[in-house]
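Join the two chains, each given in its own frame, into one complex according to the hints.
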Amino acid sequence: MTSTSSPPTGRARIPRRTLRTDRWWLGPVLTTLGLAAFVFYATARVFQQDHYWVGEHHYLTPFYSPCLAAQCVPEASLFGRLPVEFPPLVPYALLSLPILLLFRVTCYYYRKAYYRSIWQAPTACAVQEPHRTYTGETRPLMLGQNGHRYFFYLVGAITLINTWDMAVPFFHGSDGGFGVGLGNLIMFVNVLMLWGYTLGCHSCRHVMGGRLKSFGKRPVRYWLWSRISVLNSRHMLFGWLSIATLMTTDFYISLVASGTITDLRLFN
Amino acid sequence: MTERTFRVWRGSGENGELTDYTVEVNEGEVVLDVLHRLQATQVPDLAVRWNCKAGKCGSCSVEINGMPRLSCMTRMSVFAPDQTVTVTPMRTFPVVRDLVCDVSYNYEKAREIPAFTPGPKTSPGDFRMQQEDVERSQEFRKCIECFLCNNVCHVIRDHEENKEHFSGPRYLMRVAELEMHPEDTADRRQIAQDEFGMGYCNITKCCTEVCPEGIRITDNALIPLKERVADRKYDPLVWLGNTIGRRPKDTPIVPNTRRPAEEE
Ligand code: SF4
Ligand code: SF4
Ligand code: FES
Ligand code: FES
Numbered sequence: 001m002t003s004t005s006s007p008p009t010g011r012a013r014i015p016r017r018t019l020r021t022d023r024w025w026l027g028p029v030l031t032t033l034g035l036a037a038f039v040f041y042a043t044a045r046v047f048q049q050d051h052y053w054v055g056e057h058h059y060l061t062p063f064y065s066p067c068l069a070a071q072c073v074p075e076a077s078l079f080g081r082l083p084v085e086f087p088p089l090v091p092y093a094l095l096s097l098p099i100l101l102l103f104r105v106t107c108y109y110y111r112k113a114y115y116r117s118i119w120q121a122p123t124a125c126a127v128q129e130p131h132r133t134y135t136g137e138t139r140p141l142m143l144g145q146n147g148h149r150y151f152f153y154l155v156g157a158i159t160l161i162n163t164w165d166m167a168v169p170f171f172h173g174s175d176g177g178f179g180v181g182l183g184n185l186i187m188f189v190n191v192l193m194l195w196g197y198t199l200g201c202h203s204c205r206h207v208m209g210g211r212l213k214s215f216g217k218r219p220v221r222y223w224l225w226s227r228i229s230v231l232n233s234r235h236m237l238f239g240w241l242s243i244a245t246l247m248t249t250d251f252y253i254s255l256v257a258s259g260t261i262t263d264l265r266l267f268n
Numbered sequence: 001m002t003e004r005t006f007r008v009w010r011g012s013g014e015n016g017e018l019t020d021y022t023v024e025v026n027e028g029e030v031v032l033d034v035l036h037r038l039q040a041t042q043v044p045d046l047a048v049r050w051n052c053k054a055g056k057c058g059s060c061s062v063e064i065n066g067m068p069r070l071s072c073m074t075r076m077s078v079f080a081p082d083q084t085v086t087v088t089p090m091r092t093f094p095v096v097r098d099l100v101c102d103v104s105y106n107y108e109k110a111r112e113i114p115a116f117t118p119g120p121k122t123s124p125g126d127f128r129m130q131q132e133d134v135e136r137s138q139e140f141r142k143c144i145e146c147f148l149c150n151n152v153c154h155v156i157r158d159h160e161e162n163k164e165h166f167s168g169p170r171y172l173m174r175v176a177e178l179e180m181h182p183e184d185t186a187d188r189r190q191i192a193q194d195e196f197g198m199g200y201c202n203i204t205k206c207c208t209e210v211c212p213e214g215i216r217i218t219d220n221a222l223i224p225l226k227e228r229v230a231d232r233k234y235d236p237l238v239w240l241g242n243t244i245g246r247r248p249k250d251t252p253i254v255p256n257t258r259r260p261a262e263e264e
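Here the protein sequences line up with chains A and B, keeping their order.
If you're matching positions, the first sequence starts at 1 in my numbering and goes up one per residue.
If you're matching positions, the second sequence starts at 1 in my numbering and goes up one per residue.
Isolated chain B, as found in the complex (with noise of 0.2 Å):
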């Protein structure tokens, strides 16, 4: 047993501050643990997110030591023996209180996205779909949606102007998912770029960094979809063989899911 500071945030986003505990920590125990014991022992109104404790729920989402983490996930034993360890709200999203956040944000965006559009013909039990193509989409399955990727994207981390038009790595991910799977015959090609923001993502992997499932969202799924936009926008000689032949027909967002401009 050895006695270590945190250092934490406390109260709202607007008036919380930094401040300062000495608090036991034991071999082999993780950073939510001490957070536990804290609220065990000093400070019994420290509100802290959690449910799994095994970096499954994606509830205790945090930055620690200025990295977004798993606070569950996060061991002891990474921080050198005299250091002193802090632990903060994500940034991205308003504070609620202490260490938890309104994540409202990420399932207004999740709501916007066409869902998954099978043909009219096929009925379900028609689907075969063979391994590779379970395999592409398994990866962004593994989504524990704990929003750190969408809490560390710089467009929105450091612009909150930018939310309006930007639904994060989380949610672009999920629009590359359905224009993956075999059995969807919706193109959100349009909309990922229009709608979603595509195009303000410049691919500099801060996501893909510190998902705590290793997906690698950038190289599989954000640049995929940019290259799949740039099909459907940019490409004269993809434009030229759409004019001749088959037009693809856009998917528009789904509707009423967006907050009406805010009356003057």
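Here chain A stands alone, though its shape is the one from the complex (with noise of 0.2 Å):
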């Protein structure tokens, strides 16, 4: 029997990695699930350089926005077209892609969601980790995450001209002059869940107001902090719900038009 006044001996050897008994997997494969959908969708379809305008209501996917190759359709190039064409496989919306992309894999949210489905840094709580080492981000590579509010400022401004393209289309009906369709709808949706998305992040709840030392001098911001925590605190949910906005009103612009179906018009 063990003195009651034996030293620390050393951490418990469990041999096992976890004694974990629910189905702790389960998140992590559907977060892998989900980020693999939607890489592979947006894949496919930014370097498809075709079925993304539909002239006739002014629909443009978000995915081709703004359109800067020389072969595209006048209408779609809100700040105009670059003089050369771009050959295959470039997408057309060169200088907002990355941004986006750099956006969403430095944001706090997604970092939880790959750190952990797909580094495996841990897989799950409680969870042991495979790796031998671990250095989090305190590497020069990693250290760029903390550029992630850069990425917010730009985004803001790209998030506008996605509210610009959603507006736009509703002063293209089918006889011209007002109207709305299916399409405007879902484009709407879709701007919506971009906005909670973008303004949720943290690093805005830090610049708009988390970054003071008191709020009690300083109510504007103070209400600012307050509003924007509200929707970060569900900032995955956002998330996730503007990947699948996003995909559907990419899936419903190229359907519309590549003439497989017609956009169901509501009014005019």
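Heads up, a few of these hints could be off.
Claimed, not checked - Here are the simulated lysine-lysine pairs, DSS-like style, with alpha carbons at most 30 Å apart:
| no. | chain 1 | residue 1 | chain 2 | residue 2 |
| --- | --- | --- | --- | --- |
| 1 | A | Lys112 | B | Lys163 |
| 2 | A | Lys112 | B | Lys233 |
| 3 | B | Lys121 | A | Lys217 |
| 4 | B | Lys121 | B | Lys249 |
Don't read these hints as lab results, they were simulated from the structure.
All figures in this text were calculated on a predicted structure; none of them were measured in a lab.
Okay, here's the thing in structure tokens:
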């Protein structure tokens, strides 16, 4: 029998990786599937160089906005077109896509998602990770994650462009003038979700008020901070919803643009 | 009354093992009750740490079926009737005996943090704190120091060698709390990264998942602290502003709180 005054003897040598009995692997599996679905779909679409524009109602998919290549439809190019024809497999929205990608890659929620489900550090809580050493976000390669705020500023501008893209089609009804179709509604919901995601960003919460030492002396920034905190606590939800609405919007527009279906018009 | 199988870690860290017991369980009981019955009826030398039995002292932290939990707040009714209940000590800290761990790592980390530092010209009676500011740190003040968050954190749980450079979510949260205090004048952002290891945290939120007080450690303390560290160390615009304007004065860690390097 051990004496009651025995000195500490090192950690418990429990041979199993985890003693958890619940389905702790389910979350990481679903996350990986969700991320993979989005990556495959988005890759296939941005390299396609087609079916991105519905001329009749001015629907432009967010995956091609703003359209920069010389071969873009003129009305789809909010800021004009570059004088070069993009060779095959070069995305037409060459400027915005990398920024959007890096914004999500450096997002605090997506970091959690892929560190857990893909990098497996850790796969789930209290489940031993497979790596022998761990340095987290301390090494030069990982320090780039600290630049998230800059992607937030840039994506704020891109979300404004998406909002513009969503508003314009309301003024291109079937007989000209104001009109509403299913496409408009899908784009509208998508933009709402994009703002929900973008404004709920942790960097946004920080710059709007989180960085202050004292809220008491800054009522306006405190108000902003508390509004953003509401979105921020649902950041993961908006992350997934915005991925879903992005894919839906793009898929719907590609179907209409390719003539597979016609836009369901609700009014004009 | 029913009989249940309890599988409990017995012995030291190195030489301990899981031992099965059949023990009586009554309606409404929590895991700690059953451990106490084991102690009273079968194994009088079973070491269990506890104090309040109300989820407020933070003494009874263990791992139940692999999840870090307070044994006094885990109801027996959450397990299926035929499920074996496995109780082990926290994995991250050295075992003293059975379910009791030596948690001094946490106290050592606590001592290194520069304490609340009001401006030299303000005397305590002059503080006027607004409710908004009080609320912000009150969330962190709910902490009962059960150390379940430090225990679950993979940075040290899976990598003993990181203990030296990483203070764990509990104490990074303490740094964040002080940094958010309106009357505090010290600047701990530099040491948060370089000495307390903020950069090791990869915001995977296990600390938040296990906190019995429901403190949103990652969202409200760790990520805001990461953003503050980015202000101090990694943001070229803020850096430029500080170069032209007032330079931050970094506060060092509390002297003589680290063990001298082991002599060869
Ligand atoms: S969020 Fe950070 S501190 Fe909390 S458990 Fe994960 S790595 Fe550790
Ligand atoms: S923050 Fe929560 S989990 Fe961590 S020591 Fe405090 S009460 Fe326990
Ligand atoms: S967008 Fe997720 S934290 Fe910034
Ligand atoms: S005995 Fe006090 S928290 Fe469980």
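Broken hints, numbered, in rising order? Going through the list in order, the structure violates no hint and respects every one.
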